[in-house]
Amino acid sequence: MARFLFRRLLQLLFTLIGISILSWIIITQAPGSPIALTMDPKVSPKIIEQMEKNYDLDKPIYQQYFLWLKKLFTGKLYSFKDGRPVLEKIAERIWNTLLLNLVATLIIFSLAIPLGVFSARRPYSFLDNLGTFGAYLGLSIPGFWLAYLVILATVKLFGYPVLGLRSFVIEGLSTPEIVLDRIWHLLLPASIMAIHGIAGLSRYTRSSMLEVVRQDYIRTAKSKGLSEEVVYYKHALRNALLPIITLFGFLIPGLIGGSIIMESVFAWPGIGRLAYQAVLARDYPVVMTILTISAVLTLIGNFIADLLYGVADPRIRYQ
Amino acid sequence: MRHPLLEVRSLTTHFFTEDGIVRAVEDVSFEIYPGEILCLVGESGCGKSVTGLSILKLIPIPPGQIVRGEILFNGRDLLKLSEKEMEGVRGNEISMIFQEPMTSLNPVFTIGDQIMEAIQLHQKLNKRDARKKAIEMLDRVKIPSPEKRIDSYPHQLSGGMRQRAMIAMALSCQPKLLIADEPTTALDVTIQAEVLRLLREIQREMEMSVMLITHDLGVVSEVGDRVAVMYAGRIVEYGPIEDIFHEMRHPYTRGLLESIPQLEVKKTRLNAIPGQVPNPLNLPEGCKFHPRCPLRIEDCRREEPPLFEVKEGHYSRCLRWKECR
Ligand SMILES: Nc1ncnc2c1ncn2[C@@H]1O[C@H](COP(=O)(O)OP(=O)(O)OP(=O)(O)O)[C@@H](O)[C@H]1O
Ligand SMILES: [Mg+2]
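The listed protein sequences correspond, in order, to chains A and B. FYI, the numbering for the first sequence is 1 to 319, going by the numbering used here. FYI, the numbering for the second sequence is 320 to 644, going by the numbering used here.
Read the hints as simulated data drawn from the structure, not as lab findings. Among the hints, erroneous ones may be present.
Stated by the list, open to error - In silico DSBU-like pairs for lysine-lysine, Cα to Cα no more than 30 Å straight-line:
| no. | chain 1 | residue 1 | chain 2 | residue 2 |
| --- | --- | --- | --- | --- |
| 1 | A | K234 | B | K461 |
| 2 | B | K399 | A | K234 |
| 3 | A | K234 | B | K630 |
| 4 | A | K234 | B | K495 |
| 5 | B | K403 | A | K234 |
Stated by the list, open to error - So the derived label-pair ranges between C-beta atoms look like this:
| no. | chain 1 | residue 1 | chain 2 | residue 2 | range |
| --- | --- | --- | --- | --- | --- |
| 6 | B | F335 | A | L130 | 24 to 34 Å |
| 7 | B | R447 | A | V311 | 20 to 30 Å |
| 8 | B | R447 | A | F4 | 32 to 42 Å |
| 9 | B | P610 | A | N129 | 51 to 61 Å |
| 10 | A | F126 | B | T336 | 16 to 26 Å |
| 11 | B | K451 | A | T246 | 35 to 45 Å |
| 12 | B | K451 | A | R122 | 50 to 60 Å |
| 13 | A | L137 | B | P593 | 55 to 65 Å |
| 14 | A | P253 | B | G594 | 40 to 50 Å |
| 15 | B | T336 | A | D128 | 42 to 52 Å |
| 16 | A | R122 | B | E622 | 35 to 45 Å |
| 17 | A | D128 | B | L614 | 49 to 59 Å |
| 18 | B | G364 | A | R122 | 40 to 50 Å |
| 19 | A | P114 | B | P559 | 50 to 60 Å |
We put the CB at the ideal spot given by N, CA and C, even for glycine.
All chains, please: the whole structure from these sequences, using the hints.
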């Protein structure tokens, strides 16, 4: 087991380095330059040269990469845009993003699995077909469009603000009211972020369940006299959930992508919105660092999924 | 006169598929007496498994449906029982074991868990006593060091051990009837014989009845008391084992017997029955066997023959049973 862990971690490290190099190439080769975007065209070439020097933009691209890496680890990496340390900028926002994504993930799993199991118990019934229809709808509706619609509707209907972490005016509110306000502001973007995941995962659970109930061991379980419920929720579900564990790892990149859009729409002060603004400003240090953090999160997610899989499936033993 | 433990009367099970109605079991009747082994034999697809599954009402519905018939177990018609009442019969009074020991056990639970489940359910034992009982059962089916093996997962056991675990599970509540659906087909030949001997031994000890489904007449001759030969969903010959082996009265049974490779007699050619098993969606008119039958006459095409009583307890579904020997 220890050897397996060591090997896996080493693998993750190499993957991570590969990802960061690729990202670096793509980002720096994309059209547009950080200086042209921030500076007035009338500024003298001398100052521009000076700035390029400051930003290491005069150096070859591979050197730029290593300089970025070095600065990242020595804490000397500064944003092009406002000169603040990148890690500081990220640190003050990352918890908001993690909270949003955690809630979205919880919503996805706690709704999608029961929905999938429910559908699989009555395949091709009216309710199952309704579920299929809903899932296609959920997968095909653009998130940002739905988000704007929901924002409009809630503000019109309830006249209550939905943007940001919390309402602006909270003076005079009691503590429970403040907590409720925070939850309200969190739930809306998280739910919309979760829609794609719910749609996909519930269908996946359904087909996994339908596959499992055809297996011989389900017939064996019935032949013992176990009730339909025990057969279904103990013998079948446990097996049907195995492939879903691996999906957990794949969920994270989708959520991070969703974060960028939803945080921008909902004015949520997280790193998704920061990334969006940084990309527009060609703020390479910020973009790169956020990308790297996302990659780390994704890889950790996959790693956890692997470990969970090993715990859940006795046939898998890591060596 | 002895009373039968199980009486199957005119059982008819169909599958309503997109391609049409599969008449898997058609008007099948037989009985099983206490303490005997009844063998159900026939080629692949003739409806043996569906007959076995119908008794426990384990047919997938839809597409399957038991269209007609009665299944009297100790005089009680199982087909009239509710699903809840059937749960009390399954694994308790009637158990079933299946062909594939590889896929018939749940891969994510230990064999101990899977055996204890039935014991706890039907015998209302607590966990500790159920575990003791499960170890006892594993010991009884001759699994070495059962107190260790009980915590093994199915994939950690060999095929033969898995089938023993299946048998332990099926017998853990002392059922009166065991339906064994090709219990040894998937095993190595040497292990087949061992498992078969074990089944026979336990069957005698527990005075249990067994319905043994097989396509291996060698197995039948070793353990069977009576035989029902099936063809295309029907019973074509039915009787005590000596009669079937030595005085068969149906050309299909004869064909089956002649197709056994007999090592001692040094037969060089394997006498397979010519022709093919009919398509279950499109069965021939009249006797279902007539297209392949060496004895067929014009009348065979016209009407399905009834079961003729050849002598007491021996039946044949052949118009020319007198000429067939
Ligand atoms: N779930 C099902 N849906 C449709 N047809 C089925 C189903 N189960 C069985 N059948 C059909 O019923 C017929 C009898 O099948 P059955 O499994 O009883 O054969 P068998 O005699 O046990 O054969 P084998 O020796 O291969 O096990 C076959 O034609 C089969 O295709
Ligand atoms: Mg079969």
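Item to complete: Tell me, in ascending order, the numbers of any earlier hints that this structure violates.
Response: Checked against the structure, the hints that fail are numbers 3, 9, 12, 14, 15, 18, while the rest are satisfied.
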